[in-house]
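Asks: Protein chains in written order, with the working numbering: chain U, 4 to 387; chain W, 705 to 998.
Since the hints were made in silico from the structure, they are not lab data.
All figures in this text were calculated on a predicted structure; none of them were measured in a lab.
There may be inaccurate statements among the hints.
Now the in silico label distances, taken between C-beta atoms and shown as ranges [said to hold, decoys possible]: (1) U:P232 to W:G875: 46 to 52 Å; (2) U:R274 to W:G974: 31 to 37 Å; (3) W:E871 to U:E14: 55 to 61 Å; (4) W:P780 to U:R181: 20 to 26 Å; (5) W:R819 to U:L116: 17 to 23 Å.
All C-beta atoms in this analysis are idealised placements derived from N, C-alpha and C, irrespective of residue type, glycine included.
The residues making up each chain are set out below.
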Amino acid sequence: MVKLTEGRGKELFRKYGVPVPPGRLTRSAGEAERLTREQEVPLPCVIKAQVLAGGRGKGGAVRFAATPEEAKEAAAAILGQQFQGETVREVLLERRVAIERELYVSFALDRSLRLPILIASRQGGVEIESVADAAIDRQAVEPLPGLVAYERRRAAGTLGLAGPLAADLDRLLQGLYRLFQEEDAELVEINPLAVVDGHLLALDAKVIIEDDAAFRHPEYAELRDDRTPLEEIAREKEIAFVQLDGNIGVIANGAGLTMATLDVLSRFGGRPGVFLDLGGTDDPNKVTEAFLLMSRARPSVVFLNIFGGVTRCDTVARGLVEALKRVPERERFPLVARIRGNNEAEGRAILQSAGVTSLSDLHDSAQAVVEAEKTAAAAGARTA
Amino acid sequence: MTVLVDRDTRVLVQGITGHQGTVHTVQMQKFGTRVVAGVTPGKGGTAVEGVPVFDSVAEAVGKTGANVSVIFVPAPFAKDAFVEACDAGIPLAVIVTEHIPFHDMLTMFHYGRLRGTRIIGPNCPGVAAPGKAKAGIIPNVVFRPGRVGVISRSGTLTYEIVSGISEVGLGESTCIGLGGDPVVGTSFTEALPMFEADPETDLLVLVGEIGGTAEEEAAEEIHRHFTKPVVAYIAGGSAPPGKRMGHAGAIIAQGRGTAASKVAALEAAGAAVARFPYEVPTLVAERLRGAGRP
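Just chain U, same shape as in the assembly (with noise of 0.2 Å):
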């Protein structure tokens, strides 16, 4: 998933006629200064740093200027600091507001009516999750006839809107449902919709787009900040890989599979850092990417466990003898492997000639897994 920053959200919201505040975006405290002393950004202002993490007011990553001497401190204070293990390369600079009152509106998908839904809360400006139930109203939409009068009467009803409030609250809906569709967001929220002279406007904004439609959305590609650089690269491969906090590496095939895999290792104690989904592949090439790739994450133990299905062990067997061919030697590291399924025997013979024991048990693999891992951390030790 791709979470924008407010100010891309904002940058969206304003393309589909969703009202937000003046502001612009700047990765300079210079610039900062100068945007608001031409009047681009008008004075008094709000300073926020764009990171994803939430509770920036609190953490001191929003601040006010009423000068542009004063803007252009507050930009200084802010960018290249860490925030919840963000650094900050960009601020949004804001027009002040005075706020008359806080209110909230999302859409995200409900899995299990399998519908989009509309959540309007009269109380904004604190996380959804702490506002009492009565406040809230959930409305599933049908995607089909799409976000009907209907709902946005009621939406505007449950926020206590009427008039020209109403009015707007009903443009501003349409709008925002049209981006969660067209944009292929899971979520799109504005938390504070705040009433500000007589008016709605969005003073924060959180979208986030699905990876699946990726194949539509190439302006997103650039943003997929959340991975870390080897799991970008796995993505490239078209391997699912995901770094955890341990030091055994996992590969095996099918998400199922794979979790099932870390929950026995677990159980025994051990402590799963990588694991790596080969999915359904009949490639050895495929096999051999992955291993080199998880040879990079430098794992104390490889832990393989693979249930021949659409995925043939002899075709995994194959891609592991290759890639242990060109895994350099200080970069080796204990493996156990555990085959079953179609071409069992087979696989199991590839792997026996080029020194690789292999055993079935699942049970007895993820204890001698557990094991490796600890013999390698007493050797590590002694080294160190």
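Since the structure of chain U is already known, use the hints to place chain W on it.
Replies: Below, chain W without anything else, positioned relative to chain U:
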């Protein structure tokens, strides 16, 4: 019809001329399935493994009486392929394709409901009834005809568990892989009544995973309406929150979708929940003995 497919099933393969389409057409045939038609626009009049290829689904249905479509069409074109199957009156579409945008899937699901087309999947291994028919990609070797029903959100893990059940001398009535995406055409809750009504199923194995609340809803359905014994396994107990664990749908978000919550719900509904996948066959055997069906 037992559950979804049987000896009268006539399979159509959309995307039959692609690599996966061709490979699995052969495997479905070896399973004993009647694969009657393939569709690839522009390749009408040719044949794949003895199966006639048509340009449109309507033509294929008209000439062969196909009543189940297995869709291998790539994600960007899957919605259109599915709508074509609906419009041709196909009652069951098994969508193997992965990475279909969920917004497309929402449209497909609700359009299918209007047209009377059930979806299994997407991103799923499909349906197999040993000795009868297979619509999908579950490996033939794992099966043995028997009286255990299996429903699952995963692929390979299902093969492993089914294989374990077969190895202890039991066997399967029907196995359905529902798919690992956030939006699936058929959920556990919707599949349960099919197995309840199936006279050839004595016990149901449910293989779930983290993410969403499908297992909790299934537990509710089991508690209220399901009278046969249930054995369950939930993958992802050790998964950290916020990480997508390989399947788009396998993510713990805002504290929802944990394995602990699913295990508790299923146990409260009377299911025997295995801690490890390899405990499933033992629990199945025990529960069958308990129900007086060795």
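Asks: Next, verify each hint and record whether it holds.
Replies: These are the hints, each one checked on the structure:
1. U:P232 to W:G875: 46 to 52 Å: Given range 46 to 52 Å: holds, Cβ gap about 47 Å.
2. U:R274 to W:G974: 31 to 37 Å: holds (34 Å)
3. W:E871 to U:E14: 55 to 61 Å: holds (57 Å)
4. W:P780 to U:R181: 20 to 26 Å: holds (21 Å)
5. W:R819 to U:L116: 17 to 23 Å: holds (19 Å)
Figure legend: structure checked against the earlier numbered hints; every hint is met.
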